[in-house]
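According to our numbering, the sequence shown is numbered sequentially starting from 1194.
There's no promise every hint is true.
[Stated by the list, open to error] Straight-line C-alpha distance at most 27 Å; calculated DSSO-like pairs for lysine-lysine:
#1 LYS1417 <-> LYS1237
#2 LYS1271 <-> LYS1283
#3 LYS1342 <-> LYS1321
#4 LYS1472 <-> LYS1400
#5 LYS1400 <-> LYS1342
#6 LYS1400 <-> LYS1221
#7 LYS1237 <-> LYS1221
#8 LYS1335 <-> LYS1417
#9 LYS1221 <-> LYS1446
Because the hints were derived from the structure by calculation, they are not lab data.
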Amino acid sequence: MKTQQEYEQFLKRVDKDLLSHQIIQENKYTEWFKQGNLSHEDVKNFTVQFSVFSNLFLVAQLKKMLNAENLDEMRASKEILCNELGTIFKRKANESNQSLEQRDKNKEIEGDPELVNTEGTIDGGVFKFRAAHFEWLLGFAKPLNLEFKDIGKRKHGTQSTLHFTDELERLYGNADFSIGAGASFAVENWAAAGFWRDLITGLTKFKEKENVNLHLAFFTWHDKVEGQHAAHTQEELKEIYFVEGFDEDKFIKHGLEMLDGVAIFWNGLNQEQVTRNQKQHSLAI
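Between the sequences and the hints, there should be enough to build the whole structure, so can you do that?
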């Protein structure tokens, strides 16, 4: 039987070896993006690559569900998968009229109350096509003159984007519990590290500067949800550690591999924007 003392040593190892990863500590692309000095080409390129990641994530999430160790884990994976596909979370408590009115007045930021909830369960929830996350992203893309045929497919992905999505499928959706848990923990901590807020800040500045009617609910919703997930990661990590057969070496090793994949995605986007903007600057001169 593992002891509390061993768990505390494991936590120190997680902090030292996993959470110190460069992409959690610093993301050069989103640091640049949040400044808001974005061209239409910058935002279009970002949208296309992010749509490929977002859409192909469904494959990794499906594998995670199929490879679940138990019914509770399978249901937790279904919560994410079915919500991504368009099943709206059913709140455990009724939302106040004041809250609903506030969200209805500010749909662009808060999300349409008929399509969006950040809390609750898919059990008993209602499915709507327009509640699918890809459709939110499609709505965001339309003012940029991007249509359904232009986004979301594997053929639209760069080498770095496809490497990331393939790593998600290989690690996050892995049949080995310790590997999948390490990748999942890595993804949760990356997602909660603030990149959503950087994207929202940059897009808001771009929207105001260029007078483009961008709908940001896809990004604001994810920022809120990831903040909630972060609050539960420590509790979930303790549950994972004491599961019979858990291998902390695999957890750390493959968690780092997952973060390497994340870094390749963002660093690829950053290199593209540097090359693109240097070329435009040269042409202007």
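Comparing the hints with the structure gives:
| no. | hint | in the structure |
| --- | --- | --- |
| 1 | LYS1417 <-> LYS1237 | 24 Å, holds |
| 2 | LYS1271 <-> LYS1283 | 14 Å, holds |
| 3 | LYS1342 <-> LYS1321 | 21 Å, holds |
| 4 | LYS1472 <-> LYS1400 | 24 Å, holds |
| 5 | LYS1400 <-> LYS1342 | 24 Å, holds |
| 6 | LYS1400 <-> LYS1221 | 21 Å, holds |
| 7 | LYS1237 <-> LYS1221 | 19 Å, holds |
| 8 | LYS1335 <-> LYS1417 | 24 Å, holds |
| 9 | LYS1221 <-> LYS1446 | 24 Å, holds |
Consistency note: the structure conflicts with none of the earlier hints.
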